[in-house]
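S.K.: Spelled out from the first residue to the last, the chains are:
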Amino acid sequence: MKKIISFLNLIALLAILLLLYSPLAKIGLLPSLSSLLRGGTPKIEDTPVIIQQVKNIAQMFTQTFYDEYVYDTGVIRTPLFNANKRLIFIAKGEVISGFDLSELNEKSIIRRDKSIVVKLPPARILDVIINPSGFETFIEVGQITFEESKKFHEDARRIFDRNAREKGILKNSAEQGRQMLEKFFRLLGFESVDIIIPDSR
Amino acid sequence: MNADPQKKPRARKRLFILGAVILALLAVNVAVPRRQAQPLLSARTLKDLAELATIEYSVTKIVSYKDVAWYGDRKILFETAATVKAGIDLNELADQDIKLEGDSGVTVSLPQPKILLFNMKPEQMREIFNESGVLRSNFSNEEKDGLLSQGEIDIRAKVATMDILQRAARNARILIESWLKKMGFTAVRVVFKEKRGRR
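Protein sequences, first through last, are from chains A and B. With the first letter of the first sequence counted as 1, position 109 gets the number 109 in our numbering; the numbers rise by one all the way through. The number in our numbering is simply the position in the second sequence, starting from 1, with 201 added.
Derived by calculation from the structure, the hints in this document are not laboratory data. Owing to the predicted nature of the structure, the values given are computational and were not obtained by experimental measurement. Built from N, CA and C at the ideal position, the CB exists for glycine as well. All the pointers check out, no bait thrown in.
In silico DSS-like cross-links for lysine-lysine, where the CA-CA straight-line distance does not exceed 25 Å: (1) A:Lys183 - B:Lys300; (2) A:Lys150 - A:Lys85; (3) A:Lys92 - B:Lys248.
Some residues of chain B that are not near chain A, with every Cβ distance over 10 Å (derived): (4) Gly273; (5) Glu293; (6) Lys315; (7) Arg390.
Bound-form chain A, shown alone (with noise of 0.2 Å):
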């Protein structure tokens, strides 16, 4: 009996220690105990960066949006006997445009004394970019394939692309060029400017 007594005091010392580590865990103060169990975060080994390309550019970014969304696959029915799958992820990324400037050409340019007259190529969206580390898992049922993972995330790119054209980023991007430029050519002591940007498509 007395053994019995032992046994269930020591029981309930580590259930008290295991409760008060709990609560310390959840607020973030300390790691949480399947954290523990499961070890340190796995480490990628080390190996180089190529250069595989270096390529000269004349790129002005001048606007940039920034974009969050869940995306969700729905109920992926699968095959008789396999688990159906499903995928919830939160995407983080930003859209990036402005003008590419390597299209500009001795036409591009014309002075006159104290005015000048600028022809820039149409505003466009120069890049979409969400990179690993704006993916979160969300929720994650079945296998999802690599090849299959990697089509949602170019799906989100698409949808950032699109949300952000909805918004008006190639509106916004050409009157932000025009005012950069203004203020450049203005500085450099032109009294007249003129900016002409075509439409975006």
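Got chain A; can you put chain B on it based on the hints?
M.R.: Relative to chain A, chain B alone:
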């Protein structure tokens, strides 16, 4: 077998107190809410930029991970690629950074170049190898994203040590000089402002 008769009730009493403590702690555990992640306030916003990108590096990296255990291994290998653009932030260009010298001379002091954009496109990534032992679970999507994120951090760090900023500065100088010459300036000088301390 002449155990102290007073010891038994004392042990039971202790057990009773411990039970009460457990119940109280259980109540605390239920009451303490799990920490919630702070929502991003910057979502869905348009912001003005004034940046001139003058160089683009396309780089690749193999991301590999081996999880070796006595009950089976898990191994995965990805081929990843990233585009990095560097240039100058024209927002840092102040009025006094452009100095006119007569009608045909000008000196422009540009800010120091920096990395403006880092992009790892999903379509440029490939899973080359993925194998898990019989007793091991397959790599989840979340784990794969975690490993690729580490690859991203590594590429960012290694590209920063390459000559991308020197090339960006050289190209910015060539570009600005050629534009100013097209505008009719004959004596053009493009310099870079002194490096400031780390921000």
